[in-house]
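Residue strings, one per chain:
Number of protein chains: 2
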Amino acid sequence: MTTQRVPTATTTWVDGQQADALPLPDRALAYGDGLFETLLLAGQRITLQDYHFARLGEGLRRLGIPDCMTAVREQLAVACKAVTHEHEFSVMRLTVSRGAGPRGYAPPTDAIPRIIITLAPLSANPWVLSSPADLGETAVRWGKQPLLAGIKHLNRLEQVLAAADCARSGHDEVLMLGQCGEPLSVTTGNLFVCLGDKLLTPQLCDAGITGTRRQLIIEQLGAACGLQVSEARLDVAQLLAADELFYCNTVVGLRPVSRFRHRRWLRHPVTSALHGAYVGWLA
Amino acid sequence: MTTQRVPTATTTWVDGQQADALPLPDRALAYGDGLFETLLLAGQRITLQDYHFARLGEGLRRLGIPDCMTAVREQLAVACKAVTHEHEFSVMRLTVSRGAGPRGYAPPTDAIPRIIITLAPLSANPWVLSSPADLGETAVRWGKQPLLAGIKHLNRLEQVLAAADCARSGHDEVLMLGQCGEPLSVTTGNLFVCLGDKLLTPQLCDAGITGTRRQLIIEQLGAACGLQVSEARLDVAQLLAADELFYCNTVVGLRPVSRFRHRRWLRHPVTSALHGAYVGWLA
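Chains A and B, in that order, give the protein sequences. If you use numbering that gives the first Met the number 0, the first sequence corresponds to residues 0 to 282, in order. If you use numbering that gives the first Met the number 0, the second sequence corresponds to residues 0 to 282, in order.
Source of the hints: derived by calculation from the structure; they are not laboratory data. The structure displayed is predicted, hence computed values, not measured ones. Be a bit skeptical, because a hint or two may be false.
If chains are identical, the list can't say which one is meant, so a pair holds when it fits in one copy or spans any two.
With a cut-off of at most 25 Å between alpha-carbon atoms, the simulated SDA-like pairs for lysine to any residue come out as follows [said to hold, decoys possible]:
(1) Lys-151 to Asp-164
(2) Lys-197 to Arg-263
(3) Lys-151 to Cys-79
(4) Lys-151 to Gly-103
(5) Lys-80 to Pro-101
(6) Lys-80 to Pro-24
(7) Lys-80 to Gly-103
(8) Lys-80 to Arg-102
(9) Lys-151 to Ala-99
(10) Lys-151 to Arg-61
(11) Lys-80 to Leu-23
Working from the sequences, and respecting the hints, build out all of it.
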């Protein structure tokens with residue numbers, strides 16, 4: 000494990016300038032009218048940048064926010080240069096707001112998107128497999144909303160409420176179901192079920208976020224580890240019958256589940272293999 | 000109609016101080032983690048204040064945001080004093096954010112809510128019945144999410160998308176359905192159907208916002224006009240069969256519908272009577 004220099008402060012840029020405040024009015028504040036990405040930096044390099052940009056672009060199109068990908072790339076490049084140690088890991092949050100606008104839900108036709116970037120140190124080493132998680136449950140379900148499913152927009156109260164529930168429960172993470180009781184995700188990441196040589200992950204056509212790590216596993220890592228990956232409608236019984244469970248997100252990478260209801264999992268060979276492939280892919 | 004002085008600028012306060020920017024980080028920006036109210040001021044007086052405070056209080060409880068109603072009342076009182084003409088109408092937006100917090104969905108247990116207030120002139124006179132609206136339709140449906148239904152939280156992308164659709168269509172407003180195709184509201188207000196001496200309004204247990212004007216009509220104005228008011232699951236056929244349709248919100252009050260699909264409504268006696276009772280109640 001590399002020795003890490005841990006910067007102490009978060010740095011924020013608004014439209015390319017270091018700042019500690021957001022100009023008002025702003026539609027992201029008013030209505031959650033915008034998108035975000037949580038980025039893992041290895042040194043000055045954004046990992047899985049193409050996957051993040053693809054999802055962000057899809058979000059801009061779905062919300063009808065003017066294409067600002069060129070400005071996003073330019074401003075991210077400036078912010079990345081603030082990382083001074085090549086062996087340092089950082090978490091960057093990129094927020095794209097539709098920007099200013101008059102009162103009312105209707106977006107201005109001449110909106111100028113606003114780009115907010117924060118950079119903070121990451122003390123954990125994402126190349127090391129996280130300790131297995133004790134998975135609880137929450138009564139907070141994802142709402143059903145196909146028009147917003149998949150993209151990483153700023154309307155995230157469901158996960159806020161579920162995460163509050165998780166913190167109260169003392170579990171490491173909690174399973175979030177959809178409106179029909181189907182497992183969809185945990186509060187901070189996507190869920191995978193290992194069953195023999197099959198790898199299943201919930202379909203996210205009605206709710207949830209299509210994570211960048213989820214996409215990489217579906218498109219690359221599963222096959223690289225000899226697994227058949229598919230998106231499916233799951234039920235809780237399949238989770239309990241799984242050989243392994245894990246979840247994934249940008250910050251933790253892949254994290255195995257050690258416990259869910261009465262089930263215990265002591266070994267995680269498939270998750271470990273996928274994690275190895277993941278680190279190899281990114282490093 | 001009273002002559003109105005129309006102030007030109009919007010004034011903004013953040014935590015009681017005039018400001019033009021929001022300190023960062025802020026969870027309302029990050030996740031839409033907060034609530035708002037749109038208030039109609041007649042002179043320095045907030046109309047239907049008790050209804051607004053009741054809904055805001057319910058929202059704080061549901062989201063687990065610390066009770067900040069005392070600070071809200073104090074800061075609103077200061078902002079109201081900025082209105083200098085007693086015959087002036089203004090629109091005030093009150094936003095309560097959960098405030099600052101570290102990265103991640105889980106809300107800090109020691110959150111200090113942040114209060115943002117904006118005050119802007121209203122050029123229309125809300126005591127005069129609005130011109131009847133041409134009601135269109137939108138493919139943007141409300142998501143199903145019982146945990147967030149009713150309260151006026153900051154996750155408002157569904158209405159943003161529907162309002163964008165409305166603007167493109169050229170209609171004055173558009174009907175928003177729920178996930179099962181049931182009429183729930185228009186983009187900016189609550190819907191009412193008049194049928195003989197019955198007044199029906201959609202149940203909002205799965206989606207939508209329980210408007211203050213809707214509550215006043217249900218609790219007071221309907222009976223005052225000899226109408227039986229009830230919340231019900233409606234279908235589009237009932238709208239087409241209605242004697243009258245109207246919608247209501249804080250800024251326009253009650254607004255009759257002149258047209259929906261093939262139906263035209265030329266007279267609006269029930270809506271006019273309710274509007275008269277509404278103005279009498281508020282003035």
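(request) If any of the earlier hints don't hold here, list their numbers in rising order. (result) none
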